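Residue numbers (numbering that gives the first Met the number 0), protein chains in the order written: chain Y, 0 to 410; chain V, 0 to 256; chain G, 0 to 193; chain W, 0 to 280; chain U, 0 to 730.
To be clear, the hints were calculated from the coordinates, so they are not data collected in a lab.
Where hints are given, some of them may not hold.
[Unchecked claim] Part of the chain Y face toward chain U, derived, beta carbon under 10 angstroms:
1. PRO115
2. LEU116
3. ARG117
4. TRP119
5. PHE120
6. GLN158
Owing to the predicted nature of the structure, the values given are computational and were not obtained by experimental measurement.
No residue lacks a Cβ here, since even glycine has one placed at the ideal position from N, Cα and C.
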Amino acid sequence: MDKLLITRGVQRSPFWKFILWILPWAMLLAWGLYGAYLCLAEGLNQTNMDNRFAFGLWIYLDLTVIAFGAGAFFTGFLLYILKRHELKSVINSAVVLGLICYSGAIVVLMVDVGQPLRAWFTFWHPNVHSMLTEVTFCLTLYLTVLILEYAPIVMKNRQIRKVPSYLVFEFNLHKLMVVFAGVGAFLSFFHQGSLGGLYGVLRGRPFAFREDLGIWPSTFFLFVLSAMAAGPSFVLLTTWLVEKLSKKRLVKRETMSYLGKLSGVMLIIYILFKSVDTLIWINSTSPSSGFPAFEYYDRAAFGTWVLFAEVVLFGLLPALVLLRKKLRERMVWLIPSAVFVLAGVALNRFVLTIQTLALPTLVFDEFLSYMPSWQEVATFSMVIAYGVLLYSLSFRYLHLFPQERELTQPY
Amino acid sequence: MDQTTVKKSRYGMAIDLDRCTGCGACLIACAVENNVSPGQPKVNERNGTTWMRVFEVQDGRPFPDAQTAFIPMMCQQCEVETPCVSVCPQNAVEVDPETGIVGQIPQRCLGCRYCMTACPYHARYYNWWDPKWPDGMEKALNPDVAPRMRGVVEKCNFCHGRLHEARARAAAQGSRQINPSDYIPACVEACPVQAIAFGDLNDESTDVALLARSERAFRFLARLGTETKVYYLSGRDWVRRLADRELARSKKETLHG
Amino acid sequence: MQKGALWFLSGFGLALLIGWYAFPQLLYRSVDQPVQFSHAVHAGEAVGMTCDGCHAVSDDGRFAGIPTLEQCAGCHVDVLGASEAEKYFVEEYVRQEREVPWHVYARQPDNAHFSHADHVKVGEIACERCHGPHGTSETLRPFEENRITGYSRDIWGVNISGVKSNPWEGMKMDDCVACHKENNRRSACLACHK
Amino acid sequence: MLPWVYEFRWDAGHIIFLGVFFSVLIIIASTLMRALMRAIGDFKNRRVDHVMWEVAFEDLPEPARACRHQLSGEVAHRTCPNEFDCRDCVSHELFLRANPVPPAGTGPQAPEEEQLFGLSFPLDRYYDRGHTWVKPAADGTLLVGLNDLGTRLLGSVENIQLPEIGSTMHVHGTAWQVSTRGADTRILSPVEGTVVDVGGPGKEWYLKVRPEGNGDALRHLLRGAEIKPWLTRELERLQFALSEDGVGMSLADGGVPVEDLPRSAPKADWDAVWGEMFLEA
Amino acid sequence: MPLTLTRRNVLKFVGGSIAGMMVTPLPWKLLDDVAIWTQNGPWIPKVPRGPITTAFSTCALCSAGCGIQARCVNTIPYALSGIRNHPANNGTLCPSGVAGHHLAYHPLRLKSPVQLFRREETIEVQPVSSEEILGKISAAVAISRNAGEGTLALLDQRPGRSVSLFYRNQLAMHGRGVYLVSPTDPILITQCLDEMVGTSFGPVGYNLERVRTVLSFSAPVLDGWGTPVQTSKMLAHRGSSGQKGARVIQIDSRYSRSAQLADQWIPIKPNTEAALAFGLAHVLLREGLYDKALIQSRALDFQTKGKHSYFDLVGRFTPDHTAECTGVSRDVIVATARALAAQGPSLVIGDGDSGGGPLGREAEMAVWGINILLGALGSNGAIVHHRAVPAPKEFSANGLSPVQGVSDIPDHSIGVLLIDASEQGDPLPWSLLERKLIPDQSLVVAFSPTLTGLAQHTHYIIPTPAHLEALTDVPTMLSSATGTFSVSSPLLRRPEGTMDAREIMGKIFEVEGTLEELLKQRTSAIFESRRGRVFKASTGSSVQLTELGSSDELWAELTAGGMWMDDPVRSKPLPEFHFMGRSPAAYERMLDAGEGISSSNEPDAPRKITVLPYGRRAEVGGAQLSPLMTKLYQESGLHRSSKVAVLNPATAKEFNVANGGRGTLVTERGTQEVTIRVDGAVMPGVAEIAVSPEPVGQAGTEIVQEQDILELIVPDQAPTWRAFRATLQKA
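Just chain Y, same shape as in the assembly (with noise of 0.2 angstroms):
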């Protein structure tokens, strides 16, 4: 029966190793669900969230991976918009991707808000000045947006592709999937940006705040240029890894080192901006609060290193590295400066979450540290499992790497 499932003409480990390669992850995902069965139940006391650490580990978790999953936007705009072809081979990997990261996010923030069942509120009385709203709008949409995207690959599932009108409806589906690259990227922009903007705009955290430009604070687009770096790069270490762990060729050298490339241009576009951000905001809108910069640093665990990694070691270094040709066509540059990106966007999610909120506003105030509770990493491992678990069910069952066939058939 499972191997009825298995798209033709591809293989697959055994059952019996699926199921061992499964099951630490299940467990993972059994514990997670404890966990946020813990925090709906008991309340959020469970975490070691608190009045001056409203936010931690998983708003940090939603941040960091809905700029990971940028890449089903990115890709897909890319593929259906600018018909770059080459990415077809990806494509519904990163969809899947971005459908692990954005359903997870989700589902993290209905654990995370202390009233999951009055959360339609937003949508009926929405504060549309809020970037929360914008957020909650886009992803719910984006969302549906993924799932319906997602619906093509499930419905060509060998088992399932034999109901003919599937089969059909996915098709004429597909013709129009130019409509939904476009309502994804459209979105995306937004609620990528609106994140960025969640903090930029919090005028009583000087440390977050930046200037508007037109509407919307700097970092709302930092966020979209940061999120678009790390897009390809995720699509492309995870494939990278779904190779190395399958042992087997999915996607052409050319499509990884284009994915590269593509990190590379976003990043040193975003690295730039950033640095004339930060430049700003040191010399002018944050002194100007009454706020003296350098006092951000000023603490052991966050000094100025943080924006030294942030900007030229994950940052700059890495986007040399890959917009130089010759060094992302070998792997041992191209896999690492990708696995830089991700922790130079990472990093900035983190300052930007964390340290914003251990930092004191008040003179009297101190500096603030937070350990999140076994409860908030059980949540969080939650999705990773989750996330694990969907993309390797979606590998096994569905047919993620169109050209896995033809690459392990050399004629």
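Since the structure of chain Y is provided, determine the placement of chains V, G, W and U on it from the hints.
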């Protein structure tokens, strides 16, 4: 009969830090008035609820020259670009145009806590626990203030229940205009040294309007530009320098230099 | 096609039946008032009481709501009439000095602040505007409680669809807001929430 | 959210924000509806077979989609853009004009044998890429059968589902279904028309079809000199598909492929091989 | 044509149902109702609904006697505030008072008598009948009376009440009765003055209106020591008021709240207050800054030939020597003495910190000595005579058992210990009381509404009505210039099963009568004295007592937030007195107190730190604290938890502990885990630790024993526990 005949107020406070003894009567009175629950024994200073927090601050000089001041800190009722209002995704926070009071409606709140990250004064509190009172004490709750539930944010609203009461009292006499002495927040009423003045800042004759204009008056983090309506008073230079970090730093430099 | 449509339609029809008929039956729990009471008798010519004779606003602006036993006992210290309900009331409550656990049709939740003084004395709104003409009712209808929210059915309105056929039907926030908007009254959340 | 809901205001923020929201919602919904309507249209226009083949074709590895003119050597590399349906192919027209397909044995090449690599490929018929053949009968109907390679690939068939008489065939729709060794394989129909009679394994032919449409009906099928290069490539593909699993068996058994391939190599992943050879994803 | 159940058909049916559902109110109303459920669900506490009324009473949490105005719903108080113009509090209340109506709902509230069984860290309580306890007490009392084995002691944590007179009367009649008060009780401070004068000097109080300079020896003068009105007046010159207040100089080893608020803080080595007092007296004498004629004529031990005199004693404490003893610089000593003399009237206040224990008799006498030198006891001084509050005749002085401090009675002497008002008053280390009991034979019973404080150490507890449930009178405060009397009338109905202390004692001694009768008798006595003024809460103003028509009218006023205030009297001239008291070895004792054999002078043992426990009056006592306060105070950082030790950064470094880290304090009595806080304002070498109750959960059959820092005190160490040595280790 229309709304325009009702006077628009801007309620504000002036807290004299040179008088405050840090006794904490204000925050207890506040909690009693606003049905803030005693909470669980596990509660600590970072995850409990107190609409008003009193900070003990020192001028940083070593033993035996240290000077101490107490700073009661509650919602500062920002008037301009109120940080928490614009961030709330579902309009659970708003500035009442008639009173200038920043209102937080727990029943609308979904508990995302975005407003808490937005507030520079850390004056917002989240109900990490189910509010619980010892047996029988629910009968002794203030009927004018609804208890909140777990998973929502709450904060000072200048004892709005008392404004309701004052309005009802005025209405019973057929008037729309409240008697100012009917509306005094619990902390103001409780302060044993009368360190807090409260009233309508629009009314030039009130104590609070006078104090707000005094030379001793300052506001915390005023450079954020949110135009808070809670003023602090101190004649002590080092206390006034606590207003923001730039000022605090300038002190250090003069000390060293 | 024909067969398929039948399945679809039967599902559709069943859903309609459940949604429009069974759902309200299940949603509300009907309870009889502990004592029967005739507003018509009390407000009628024979007795001639007015609304604020029992439901009074005090000098400090607080609304007394349903009268306490003390007020009722002012007259009903003994059985005055011939009705069974009154006899029951006097025996079970007045004599035993127990308060009657009335179910209040117009009960708002704790988080709503409603000043009768504001609306009646300043706003000059008639009682019937919100409470309907129950001052002429002969009996007390059963109290219907929403099983989920604990609200009285009057808050949502009689019609499950939310359509109102009389101005006094419905006491949800939307209804308050509609009237406030119409008359340009306070619109801040805190004006009515506590 | 809606104009009559409390807190809605007709200001720029609300109009823009909610305008965009509802626009996106409408776009998503209408696109979905459009896909649905099109799907229903496909059903009504009896394009289901066509769609299913098109999807399957899209999913074939690129080398499996090589144009017949690439196989014949006329062009170095060309992937078929028309799902192996050359009837409306302009390029095919051009290729043909430049280089008409000589019937086997009549062209510049050496006359073809009916036996190719030990397989029987009579030249009196047309061959489809899905290993079926079509032979016009005298009464104007078309006989459809499984070619020798196809027959040997499937070996002894356990179960076969032939269409009912009177049912309609579409080009590259499903002709019949075979299930063997726990795997289903659909055999592509090489022609369009109505089934007038059915045969089966062991008979001369599987189907007798009354063709529909004009004289182009057989234009997409391989014929004459095209057969050998195609078959050569098919055998290569088969060889690879079999070797992939590490079975390492050789196709030829003393020069001639064995009669029942599955029986001779039971360990091979026949499911994958059939998928590969019968162009099913 | 039968409807066949195929997957396709089921799907169609489901599709139809979903489509149909969408056009019914069900999903939408459900969505809405579920949201309302989250706003209004049964787990969310509901506010009471009912008539709102106002009631007046007097706060009995301490002896300030603040008038309280209670807003009540269904007659249950839900918010307290001060009565405007009330002479004690003028419309305000202290934090404890504001939350006073919570005390009836204390999580550890007892509503029926219990027997206690102590386990390792918990206490198990088992219900027992009050008859059983009373039977046991009566039996033990009889044994004590007849067999003469052990005394019958009653520890009164709120002395000065009318019921206290009743106790003293009964104990006196018993024969072997001992009336005890906490060593920190202000009554003992005036006893020191009596010892100097030789007879009862009579009740005295402070007239703070007259004072320009206040020198406080560790008394929490600005932190709940006086009435709110007095504290407010002392701070009146702060801020923008433009009023005049007193200059406050605080001598304190701790950077206490009063030290923080005072105009000047003089840090002093722990337990060297007596030396500083002598040092100040030295400067006053040397510079002639005292009334020589008065001293010459009245002081019997000022300068005596052949015997060590006060002059000799003080002569030893030159500013330099004093500086060496106390750690206060010579210049500060001289300047302070001069300021006291120059900026009079001055008042020197002894009285220790309520958490930290008493100063000790000698130090208190040394403080009285400065007051005498400064003329504070003179007719223009701040220390004024007043008359005792009139009492029924049967409580005449010779019918009363004498007031004794716990430290003043022999060890192992008590057979039966009854503790009244154990939830109130200042904290008392249990070890101090324990050693007064006959080991393994004594019976200890507390009368307390809650299972807190000293009550946790007893064998039985008889529950008494809680604050605002109880009828009680409020005695005069030490800082009051005249006698006062007010009555705290119940605002809450007391639970069945509680008994007030008068009822309990009545049953033990078989005396008829009720507390209400007792208080009414006292009210009559006051009314008949025809003295003083009465504050009426209803009008917010005071009238002459004589304007009231009857004793009942006075009773009505007193039970409704009113207060009776005696007329001031001219201070009696200072009689002859001894600066050093009258005990045989007075000089040596005083000298020892000054030179100090205090623990801080022992050779510096490594890893030992001086622990300074501290607390606040009426807050720390036996944990009579609203559960709200313990939580809120800690949340705001206003009051440290008793699990926090505050150290100077240098000290922290010395002991290798870090800010926020954990440490363990060890003495012979046990260990306590503490969290370290570093504060640059704290004196080096000490650890300040609060004595305050921790938040508690709901009471079950087992509760966790309170563990405060006082438990670590080794009983024989010293009569006071202001400072003790403990080993501090990094945990």
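Next item on the list: Identify every previously stated hint that the structure contradicts and give their numbers, smallest first.
Entry: 6
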